[in-house]
Amino acid sequence: MTMTQSRPAAAASATPITIAGALTAALRDAMTDDPNVVVFGEDVGPLGGVFRVTDGLSREFGDKRIWDSPLAEAGIVGTAIGMAMYGMRPVVEMQFDAFSYPAFEQITSHLAKMHNRTKGRITLPIVVRIPYAGGIGGVEHHSDSSEAYWTHTPGLTVVTPSNPSDAYSMLREAIASDDPVIFLEPKSRYWVKDDVALPIHTLPMTKAEVLREGSDVTLLAYGPTVKTAMQAAELASVEGLSIEVIDLRSLSPFDDETVGASVRKTSRAAIIHEAAQFGGYGAEVAARVTERQFFYLAAPILRITGFDIPFPAPKLEEHYLPTAERVLAALDTWEW
Amino acid sequence: MTMTQSRPAAAASATPITIAGALTAALRDAMTDDPNVVVFGEDVGPLGGVFRVTDGLSREFGDKRIWDSPLAEAGIVGTAIGMAMYGMRPVVEMQFDAFSYPAFEQITSHLAKMHNRTKGRITLPIVVRIPYAGGIGGVEHHSDSSEAYWTHTPGLTVVTPSNPSDAYSMLREAIASDDPVIFLEPKSRYWVKDDVALPIHTLPMTKAEVLREGSDVTLLAYGPTVKTAMQAAELASVEGLSIEVIDLRSLSPFDDETVGASVRKTSRAAIIHEAAQFGGYGAEVAARVTERQFFYLAAPILRITGFDIPFPAPKLEEHYLPTAERVLAALDTWEW
Amino acid sequence: MPSVNNLLNRLPHSAQVLHDSQMSDTATRRDEPARPTAMPIRLIDEKGAAVRGKRADGFEVPADDVLLSLYRKMVVARRFDTQVTALTRQGRLATYPSALGQEACEIAAVSALAEDDWLFPTYRDTIAILTRGVPPTQILSFFRGDWHAGYDSIEQRMAPQATPLATQALHAVGLATAAKLKGESTAALAFLGDGSTSEGDAHEAFNFAAVWQAPVVFVIQNNQYAISVPLSRQTHARTLADKAIGYGMPGYYVDGNDVAAMYAVISAALDRAHSGGGPTLIEGITYRMEAHTNSDDPTRYRTASETAEWQTHDPIDRIEKYLTKSGTLTPAIAEEITGEAEALAATTRDAMNETPILDPLELFDHVYENQRPSLIEQREFLARELASAESGS
Amino acid sequence: MPSVNNLLNRLPHSAQVLHDSQMSDTATRRDEPARPTAMPIRLIDEKGAAVRGKRADGFEVPADDVLLSLYRKMVVARRFDTQVTALTRQGRLATYPSALGQEACEIAAVSALAEDDWLFPTYRDTIAILTRGVPPTQILSFFRGDWHAGYDSIEQRMAPQATPLATQALHAVGLATAAKLKGESTAALAFLGDGSTSEGDAHEAFNFAAVWQAPVVFVIQNNQYAISVPLSRQTHARTLADKAIGYGMPGYYVDGNDVAAMYAVISAALDRAHSGGGPTLIEGITYRMEAHTNSDDPTRYRTASETAEWQTHDPIDRIEKYLTKSGTLTPAIAEEITGEAEALAATTRDAMNETPILDPLELFDHVYENQRPSLIEQREFLARELASAESGS
Ligand SMILES: Cc1ncc(C[n+]2csc(CCOP(=O)(O)OP(=O)(O)O)c2C)c(N)n1
Ligand SMILES: Cc1ncc(C[n+]2csc(CCOP(=O)(O)OP(=O)(O)O)c2C)c(N)n1
Ligand SMILES: [Mg+2]
Ligand SMILES: [Mg+2]
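Residue numbers (our numbering), protein chains in the order written: chain A, 1 to 336; chain B, 1 to 336; chain C, 1 to 393; chain D, 1 to 393.
Incorrect hints may have been included.
Stated by the list, open to error - Derived DSS-like pairs: lysine-lysine, alpha-carbon spacing no greater than 30 Å straight-line:
no. : chain 1 : residue 1 : chain 2 : residue 2
1   : B       : K119      : D       : K182
2   : A       : K207      : A       : K193
3   : B       : K119      : A       : K315
4   : B       : K315      : B       : K265
5   : A       : K207      : A       : K227
6   : D       : K321      : D       : K47
7   : D       : K54       : D       : K321
8   : A       : K64       : C       : K182
9   : B       : K227      : B       : K265
10  : B       : K315      : A       : K119
11  : A       : K227      : A       : K315
12  : C       : K321      : C       : K54
13  : C       : K182      : A       : K119
14  : D       : K182      : B       : K64
15  : D       : K325      : D       : K47
16  : B       : K227      : B       : K207
17  : A       : K119      : A       : K207
18  : C       : K47       : C       : K321
By construction, these hints were calculated from the structure, which means they are not laboratory data.
Using the sequences and the hints given, assemble the complete structure.
Here's what the structure looks like:
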């Protein structure tokens with residue numbers, strides 16, 4: 001994956017590291033720096049999580065800092081809220097996207113609202129880590145993209161890294177934040193490697209990043225679809241189309257500034273995500289960018305997304321997931 | 001409220017009836033016609049529900065047809081699913097919008113998906129009635145507008161009536177549908193009266209309805225904001241602005257045809273809802289209408305919505321809820 | 001520092017149970033947590049007489065000075081409660097869920113708390129919050145509709161009143177666990193209604209508390225109804241306290257209109273919590289004398305005679321009789337208490353007759369700790385709208 | 001027609017309990033539902049000997065022909081299970097959660113069902129579905145990744161295998177209640193794992209079932225782990241069966257590797273359900289011998305010696321010994337059973353070696369019963385894309 005110019009060139013000590021590994025490192029460093037950081041959830045202890053993101057931490061920090069909770073997601077988020085009220089900074093894991101749904105009431109009615117209802121007297125510095133999206137051949141309920149549920153909920157900050165450097169930097173920042181953060185981890189990208197020297201500070205987690213500059217089209221992507229966007233840009237360049245790729249990184253807040261500047265330059269934009277299109281995150285992106293840049297737009301903003309169907313069974317997911325080819329075909333539907 | 005031309009003039013036997021009353025009548029008639037229709041939830045029995053929508057039904061039908069369940073929303077939806085698998089047609093009530101959140105997993109992972117996962121072998125003819133939105137001075141968690149959560153979930157049908165005739169007709173149709181329906185009842189409008197002769201058949205519940213014709217602007221509204229749109233249209237007409245008002249009625253599916261035709265005519269549109277703007281239902285409306293009608297649009301589609309904050313406490317809700325004045329002020333921001 | 005997962009008194013792993021088929025039936029019974037008694041624990045009966053023997057389950061009537069203090073708080077709290085109900089009927093408040101008749105549970109619980117302990121109240125438990133020292137205006141701003149939470153939760157060590165049922169029980173478990181992890185003796189007490197025990201969150205809270213041996217006390221105020229729904233539609237169990245058995249924690253079934261019994265049982269549970277003994281589940285049998293809230297109509301679901309019958313079990317009556325008999329409650333003291341109660345009622349009336357000055361722009365100021373540009377924009381939008389409305393009028 | 005709310009055997013309203021302080025401690029005890037025994041109920045021990053007396057809790061060893069049929073199904077199911085695990089290792093299936101070691105629970109439950117009864121299985125319970133007569137291809141299409149559910153749920157009276165934990169228990173309660181409301185004797189049986197009992201949905205299911213007196217049987221297969229998490233991190237209760245007490249329903253603590261005991265206890269529970277006796281909670285103590293799924297690594301959380309120890313409690317071994325001793329299981333029959341098992345394994349291998357032909361366009365055909373225009377559009381989009389890929393290649 002082409003790294004942005006703004007990211008520092010790998011230092012001497014840079015080593016190949018995966019997103020999963022970078023997340024582990026971020027957790028380790030945060031736990032080392034602050035004794036109030038605790039980690040719990042299903043199987044995060046000795047097993048190291050089903051994706052091994054907490055691998056080794058249980059041995060290193062012991063079960064007062066990281067432990068397996070009972071199997072109940074509302075319980076996990078609900079008790080994290082109580083802990084945060086007493087000064088801790090819990091990082092909890094929902095094992096798969098769809099298994100965050102039992103915690104929906106705790107997240108929307110409490111996690112998101114406590115700061116507001118107490119006029120900031122109670123802060124909830126909690127990170128809810130959710131491996132999300134498809135591409136790993138998971139059976140039903142293991143490939144949902146739930147971001148639109150969270151981004152529509154005022155009080156939550158929702159971010160998603162697409163590469164190891166951001167995975168580290170953004171998770172550190174999320175843990176350090178006094179606002180609750182829904183931290184979406186693109187599970188199909190856990191094993192992507194980059195050469196990175198840790199610790200690394202990338203852009204603030206609330207900022208979008210221009211990963212590739214271009215002049216004809218702005219492609220907006222996040223998490224698992226950043227790679228798709230980069231591939232599409234590469235393919236398009238062969239045909240002489242210059243595509244700017246922006247990794248949104250932060251879904252809530254949305255970085256209007258960075259995206260606006262790009263769209264004013266290119267006058268055409270498309271957003272790519274895996275979730276169903278209807279009421280998906282792309283709707284907000286298309287609506288708000290159109291509102292703000294209407295008179296710069298030469299064409300409607302395209303949404304290249306999953307279909308409005310439940311996520312398919314493993315053997316059919318390839319037909320559901322947006323591909324670079326589908327992106328290019330979509331761009332072709334514009335009148336140029 | 002001005003009724004549409006397409007709705008039959010009140011028949012001889014028309015009597016004043018509220019939305020709540022029309023819903024009660026629809027439940028009564030559906031229960032009378034089909035012994036498989038059962039009603040349960042919190043306080044729907046002898047009390048008749050906190051909004052009295054099930055008033056009298058318990059006495060009339062007895063506790064094999066309508067009863068108070070234990071206080072647990074996942075339990076209510078989950079058992080309704082099992083009942084539907086055995087041939088019943090449960091109509092369940094979530095007492096207030098935010099109290100549907102404990103049922104989120106049952107709704108998104110099962111209610112919405114069962115038909116698809118079994119290739120239609122299992123149908124779930126279930127109606128989940130949810131009184132929603134604000135305007136009644138409710139304390140926190142009693143005024144949420146949760147529609148965007150449901151409309152983003154493939155497999156659900158989401159409808160909302162704005163007047164007594166539709167309340168009756170759409171609830172009958174929802175109960176008769178073999179698809180699960182989220183039936184959103186605008187709680188601030190429960191006591192609005194119209195002269196109606198029941199039973200009444202209005203438009204199919206999946207169709208939008210042009211409530212007022214106009215040529216300059218299309219105002220899209222649903223549930224509680226239909227009244228706001230009509231008021232705004234009335235006020236605007238004084239200033240010579242001709243506003244077409246469409247009551248969406250069906251949020252999922254979206255009636256592209258009716259809305260498209262209107263927007264192609266007016267070339268300007270705005271959507272009004274109470275829910276927070278970011279990722280709200282209006283985002284989908286703005287995005288899809290722009291996609292389809294981009295070259296007909298003279299200006300970006302406006303979203304006149306709640307702010308991106310938790311629903312305010314009773315004394316402050318007036319500042320949050322979209323008003324006709326706010327709608328008119330928004331239309332003024334367009335370059336004409 | 002104790003470990004959250006260092007489980008005390010674990011039973012032999014069920015595998016081991018399986019291995020030895022020669023084991024006698026009782027061999028695996030350990031010192032089990034206290035099981036709820038057959039009859040609700042009671043220390044003072046309706047006639048104001050002390051109860052001893054099995055019915056007291058080993059608990060003792062608290063000293064007279066403790067009881068007098070409880071009595072005083074109950075009287076004051078009741079006066080406050082009736083005052084607020086009256087103000088609500090007059091339209092001063094948006095809503096008020098009264099605790100009339102439940103004073104024994106409310107006051108016993110809050111009085112048993114140590115200063116550092118946390119309380120997790122529901123909408124029903126306003127008088128407990130009052131009794132813990134929060135000024136009426138701060139409490140009532142929630143029900144008046146000024147803002148969602150009116151008092152300083154951190155300073156008062158009381159969570160905002162919870163509306164989504166049973167959710168607060170999990171917060172209590174989390175907070176208690178955090179205290180335990182930090183090696184502090186803080187305990188948490190969560191109130192729950194009988195209806196709320198049906199929610200999944202109640203179960204998860206009881207279970208997390210037991211597995212983590214969290215210093216938390218759950219006080220279920222079984223007031224017989226969840227709005228209109230009677231207990232018989234909520235559970236098929238003998239008692240709600242029996243649920244404790246399924247979590248391996250001590251459970252107590254208590255006469256919730258007997259403040260002496262509630263105080264004794266809750267105090268013992270808090271002692272256990274403070275000293276590493278884990279959680280306790282307590283059910284107090286009581287009755288909501290008022291409507292669910294002012295917008296409820298109890299004639300639809302219960303008879304006047306039922307309510308009248310419960311009147312004879314009034315929680316204040318019996319302690320009044322007891323203290324009068326013992327000579328602790330003199331007419332002079334009674335008069336003083338009435339005076340205190342009336343003074344509070346007057347303050348409350350005055351406070352609620354004032355119109356609060358609210359700043360709509362504050363709506364945008366607390367959504368996040370890290371304010372975001374879009375909310376600043378929206379704040380400015382509303383500011384302009386307010387300004388133009390001002391200038392327009 | 002029975003009424004869902006016509007509660008049988010209700011205890012006196014707690015109000016009444018309060019009234020009479022003269023009542024003796026035992027006066028309120030009614031005929032309580034059966035409480036779990038101290039030791040797991042067992043009818044046949046590891047040596048293949050019949051168990052009598054207290055340990056059998058009044059249950060009797062089923063007749064030899066019943067046991068032989070159970071044995072046959074267990075052997076066939078195990079062969080199937082190991083075959084599928086092997087096929088998964090070879091990459092033929094996306095995933096497979098094995099039930100190796102849990103055959104007694106699985107086969108006893110499914111064999112005890114009446115024809116009209118419904119089963120609500122989890123991902124773990126593939127062999128139960130097989131044993132109830134679903135062809136391997138239909139079952140395995142889920143794990144192969146063809147579609148979410150592969151068999152006809154209505155025809156087979158089995159819900160699709162549930163992945164979101166404990167959610168299916170509520171469906172079972174609803175279906176059983178519907179049958180009861182219709183005056184039919186259909187019962188439902190829901191499987192649950194030990195870990196799943198921690199979910200709120202498990203609680204709500206148990207509670208709704210008890211309050212509604214639904215004809216449902218909950219069978220908890222306590223296989224000691226929820227993926228890597230041992231039972232001690234999941235509950236602090238003596239047993240999971242003890243949870244029944246908190247719902248006022250009969251609870252049974254059973255040796256889950258004793259197919260005779262599981263069959264006897266489940267059959268009795270189903271009899272009760274069929275005749276209006278309400279729900280039952282049964283915990284079978286067992287062990288998952290394989291990894292959680294093929295992508296799990298059990299060495300991270302349990303020792304080889306623990307697994308080896310459980311091997312000595314194998315559920316097939318003991319029934320084999322029992323039937324051999326009794327002369328019912330002859331070498332000829334054993335050979336015949338092996339043949340049947342091998343034949344099934346072969347069929348399964350053959351079936352899974354075929355590449356299924358899937359139509360991607362079907363993705364759009366079952367989302368709704370009432371197809372909507374936007375999905376027809378999306379279907380056409382994919383059809384065009386597929387066509388152009390075809391012509392492009
Ligand atoms: C999750 C949730 N569901 C429903 C409600 C609506 N509701 C408010 S109070 C109430 C009854 C609560 O009964 P109980 O727990 O017994 O407490 P009580 O009001 O009797 O003190 C209900 C159903 C709610 N607040 N939260
Ligand atoms: C609601 C939910 N949360 C988490 C998961 C992920 N998950 C799948 S299986 C499993 C463990 C289940 O353990 P148990 O209930 O004991 O059943 P077993 O697998 O041992 O048969 C977990 C955590 C899930 N499927 N559903
Ligand atoms: Mg109650
Ligand atoms: Mg298990």
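Taking the hints in turn, this is what the structure says about them:
1. B:K119 <-> D:K182: Roughly 26 Å between the alpha carbons, so the hint for K119 of chain B and K182 of chain D holds.
2. A:K207 <-> A:K193: Answer holds: K207 of chain A to K193 of chain A is near 23 Å, not above 30 Å.
3. B:K119 <-> A:K315: At roughly 16 Å apart (the allowed maximum being 30 Å), K315 of chain A and K119 of chain B satisfy the hint.
4. B:K315 <-> B:K265: Distance ~40 Å between K315 of chain B and K265 of chain B Cα, so the pair is violated.
5. A:K207 <-> A:K227: Roughly 18 Å separates the two Cα atoms, so the pair holds.
6. D:K321 <-> D:K47: 7 Å, holds
7. D:K54 <-> D:K321: 23 Å, holds
8. A:K64 <-> C:K182: Judged against 30 Å, a Cα distance of about 9 Å means the pair holds.
9. B:K227 <-> B:K265: Cα-Cα ~22 Å, so holds.
10. B:K315 <-> A:K119: Given that 30 Å is the threshold and the Cα spacing comes to 16 Å, the pair holds.
11. A:K227 <-> A:K315: 21 Å, holds
12. C:K321 <-> C:K54: Cα-Cα ~23 Å, so holds.
13. C:K182 <-> A:K119: 26 Å, holds
14. D:K182 <-> B:K64: 9 Å, holds
15. D:K325 <-> D:K47: 10 Å, holds
16. B:K227 <-> B:K207: 18 Å, holds
17. A:K119 <-> A:K207: Distance of about 26 Å is within 30 Å: holds.
18. C:K47 <-> C:K321: Satisfied, since the Cα-Cα distance of roughly 7 Å is no more than 30 Å.
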